[in-house]
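In case you want the letters, here they are:
Protein chains: 2
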Amino acid sequence: MDKLITELSPPRRILMGPGPSNCHPRVLKAMATPLIGHLDPEFLEIMNDTQELLRRVFKTENQLTIPISGTGSSGMEATICNLVEEGDDVIVCVNGTFGARMVDIAERNRARVIRVDEKWGRAIPPEKVAEALKSRKVKLVAIVHAETSTGVYQQLEEIGCLAREHGALFLVDAVTSLGGCPVEVDKWGIDACYSATQKCLSAPPGLAPVTFSPRALEMIENRKTRVPSWYLDMTLVKKYWGKERVYHHTAPISMIYALREALRIILEEGLKARFARHELNHRALAAGLEAMGIDYLPPRGERLWMLNSIMIPAGVDDNKVRSQLLDNYSMEIGGGLGEFKGKVWRVGLMGESSTQANIILFLSALEEILNGEGYPVEVGAAIQAASDIYNSE
Amino acid sequence: MDKLITELSPPRRILMGPGPSNCHPRVLKAMATPLIGHLDPEFLEIMNDTQELLRRVFKTENQLTIPISGTGSSGMEATICNLVEEGDDVIVCVNGTFGARMVDIAERNRARVIRVDEKWGRAIPPEKVAEALKSRKVKLVAIVHAETSTGVYQQLEEIGCLAREHGALFLVDAVTSLGGCPVEVDKWGIDACYSATQKCLSAPPGLAPVTFSPRALEMIENRKTRVPSWYLDMTLVKKYWGKERVYHHTAPISMIYALREALRIILEEGLKARFARHELNHRALAAGLEAMGIDYLPPRGERLWMLNSIMIPAGVDDNKVRSQLLDNYSMEIGGGLGEFKGKVWRVGLMGESSTQANIILFLSALEEILNGEGYPVEVGAAIQAASDIYNSE
Chain A
17 MDKLITELSP PRRILMGPGP SNCHPRVLKA MATPLIGHLD PEFLEIMNDT QELLRRVFKT
77 ENQLTIPISG TGSSGMEATI CNLVEEGDDV IVCVNGTFGA RMVDIAERNR ARVIRVDEKW
137 GRAIPPEKVA EALKSRKVKL VAIVHAETST GVYQQLEEIG CLAREHGALF LVDAVTSLGG
197 CPVEVDKWGI DACYSATQKC LSAPPGLAPV TFSPRALEMI ENRKTRVPSW YLDMTLVKKY
257 WGKERVYHHT APISMIYALR EALRIILEEG LKARFARHEL NHRALAAGLE AMGIDYLPPR
317 GERLWMLNSI MIPAGVDDNK VRSQLLDNYS MEIGGGLGEF KGKVWRVGLM GESSTQANII
377 LFLSALEEIL NGEGYPVEVG AAIQAASDIY NSE
Chain B
17 MDKLITELSP PRRILMGPGP SNCHPRVLKA MATPLIGHLD PEFLEIMNDT QELLRRVFKT
77 ENQLTIPISG TGSSGMEATI CNLVEEGDDV IVCVNGTFGA RMVDIAERNR ARVIRVDEKW
137 GRAIPPEKVA EALKSRKVKL VAIVHAETST GVYQQLEEIG CLAREHGALF LVDAVTSLGG
197 CPVEVDKWGI DACYSATQKC LSAPPGLAPV TFSPRALEMI ENRKTRVPSW YLDMTLVKKY
257 WGKERVYHHT APISMIYALR EALRIILEEG LKARFARHEL NHRALAAGLE AMGIDYLPPR
317 GERLWMLNSI MIPAGVDDNK VRSQLLDNYS MEIGGGLGEF KGKVWRVGLM GESSTQANII
377 LFLSALEEIL NGEGYPVEVG AAIQAASDIY NSE
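Those protein sequences? They're chains A and B, same order as listed. Every number in the numbering used here is 16 more than the matching position in the first sequence, counting from 1. Every number in the numbering used here is 16 more than the matching position in the second sequence, counting from 1.
The hints are simulated quantities; they were obtained by calculation from the structure and are not laboratory data. A hint or two may mislead.
Remember, identical chains collapse to one label, so a pair may be satisfied in a single copy or spanning two.
[Claimed, not checked] Computed list of lysine to any residue pairs in SDA-like fashion (alpha-carbon distance at most 20 Å, straight line):
(1) Lys-155 / Leu-60
(2) Lys-357 / His-182
(3) Lys-135 / Pro-315
(4) Lys-255 / Asp-120
(5) Lys-359 / Val-395
(6) Lys-153 / Glu-101
(7) Lys-357 / Pro-57
Here the structure is a predicted model, which is why all the values come from computation and not from measurement.
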């Protein structure tokens, strides 16, 4: 029992991995707000606020825009299990872990999946989607906007147009992109989109913001079979978030407090300014890494601002470097997933974690550690290159 | 935008509904703890602590004892969708909303459900389960320990024995009971049990503690088909909580901080003392209500300590009374569900909300409001009756 009764006392970390990112103190304060009931008239107002704030961040007028009561992956499951029925043909684009996860979930929902594969570390070419759309009439085209496993950015507009031309719904994973770069749900013709709170929204993990277009909702309401998941059944969940206010499950009150606060902070900064900040900090990091001779996994033009997937220099030990970052600098970066384990680092510059101070410290730390590990880098060159980017603004 | 940029400022409530209950300030403080990563070595320790604390509260040695990343209903779904496969015969006992919800979820998982129904407001007689077990070989017997919709307490031992005698797994909903009255997972032969954080554990809503016996886990591992839900698939989730530490989904870090703290507080109080407190406060409330001429829905012996389901006196308007409690006393109690809407109040005495002060204030408030509403009650009689209970201890 002794150990268990010790006070909760986690270390203070600089979170520069694939999420969670650091939270603003105002968000943490919101988490500590005493609870009110999930049907309290005052809470219903907080729900309305949160929906309206989410619509502004998703750039949508979709009525059905809510946080699902689970982490980002529950948003993936919620969108797929509501939109897909047994035997439906769906296209899923796969160029990383999260595209592959969509295939898994679609198959569990008994869809017939047509995979559009691309080498991990590269974006999906729209021509491949066009080709797949010719093969069969499909209900849905699913794709990841920001592949957290590889750091690849995916252009969406052309693929969205293709889906619409073929009468298919367009489902987008915006887990890592939302709040860090433009996500234009209405303009890009996205029918269903999900995200997560702990990436560029910089709230704690635990909610999955989702939005469904009227077209998607109509399809859900005309399903032939019930949604396999009761917990994620949008025909029930929407009655709690809508005018009816019918109890479905107890909302995660504190997480909604925190999300509301995080969204307020985002809109106070302004989406345009926020995206510019994410881009600038990415450019500074990239300049610094280039000065160290460290390359990116994705080619230029396919790199995410908020998740920098970089090649571990030959001969350098992944774990030793990450351990030193954690132990000596209390700084977390991510390792590679799947085939990139031990080959790639994933450096997150998400939301509150995307700051000049974090980047300069990370570059300094990495320089010091790599020099100690026998991968010599020119002292000061990375900082100089990053600083040049900031000074040229 | 104006309204949306106002600071989060919910009222301060006394939460005496069917959950959430009030949180201890230490739990709220834990919620505000800055994040660390979900694979940080320090977080893995916090996960281990939380599992061990949960085992003590569930009274089990089950290795697979974890919080599911969703609210209580996700625990119901997680247990059912992992244990049940298409075509399985299962018995579900139904005497309220949550038994009915189990049927719904089991059917979505394509089980063949044999319902054992009892009048809402009454416990399930073991003989009815024995009868149902004779009809067919079943895989699972599912039952609610504390029916939040009706305030009914269910004895479990005899039904657990029956299930085991017939080679069936025993699944128990302990959403409202865990932390408020004895829940003996190992002793009662429970194979799977789920709860929620916002009832007698007095943490915010957002996690569903679950535990699976080795027998249940073996059944899951020998499934013929994959679990329909990827998010809740215990064969994957257990690899993150187990020694392998394989990433599945990002854990809701802050909620786990809060649960750990809430569990520490529970064990500091001691389970025995905590249950005695819940019983005593229930007895005091019941004495006060009796003095006012207000009856319970369930008969004596079938009443929950932590959720007091009481009859609204004839001629008294449900909404008017609850509005006055909320507006004038900032006190939340619950209304009735289903056929009991407008007929029943549900007064929660859960965890931190189960205090002498809350009971005396509630009885005083109710007395004042009922007298104003034309249902005359003798001034001071309820308080006297409740006080007598406390003084006789």
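Hints and how they fare:
Taking the closest pair of Cα atoms, Lys-155 and Leu-60 never come within 20 Å of each other, the shortest separation being 35 Å inside a single copy and 41 Å across copies. In this homomeric assembly, Lys-357 and His-182 never come within 20 Å of each other (Cα to Cα): the closest approach is 38 Å inside a single copy and 48 Å across copies. In this homomeric assembly, Lys-135 and Pro-315 come within 20 Å of each other (Cα to Cα) only inside a single copy, at 12 Å, whereas the closest approach across copies is 66 Å. With identical chains, the CA atoms of Lys-255 and Asp-120 are at most 20 Å apart between copies only, with a shortest distance of 17 Å across copies and 29 Å within one.
In the homo-oligomer, the alpha carbons of Lys-359 and Val-395 never lie at most 20 Å apart, since the shortest distance is 24 Å inside one protomer and 76 Å across protomers. For a Cα distance limit of 20 Å, the shortest separation of Lys-153 from Glu-101 inside one copy, 15 Å, qualifies, whereas the shortest one across copies, 31 Å, does not. Taking identical chains as interchangeable, the C-alpha atoms of Lys-357 and Pro-57 lie at most 20 Å apart only when they sit on different chains, with a minimum of 18 Å there against 49 Å within one chain.
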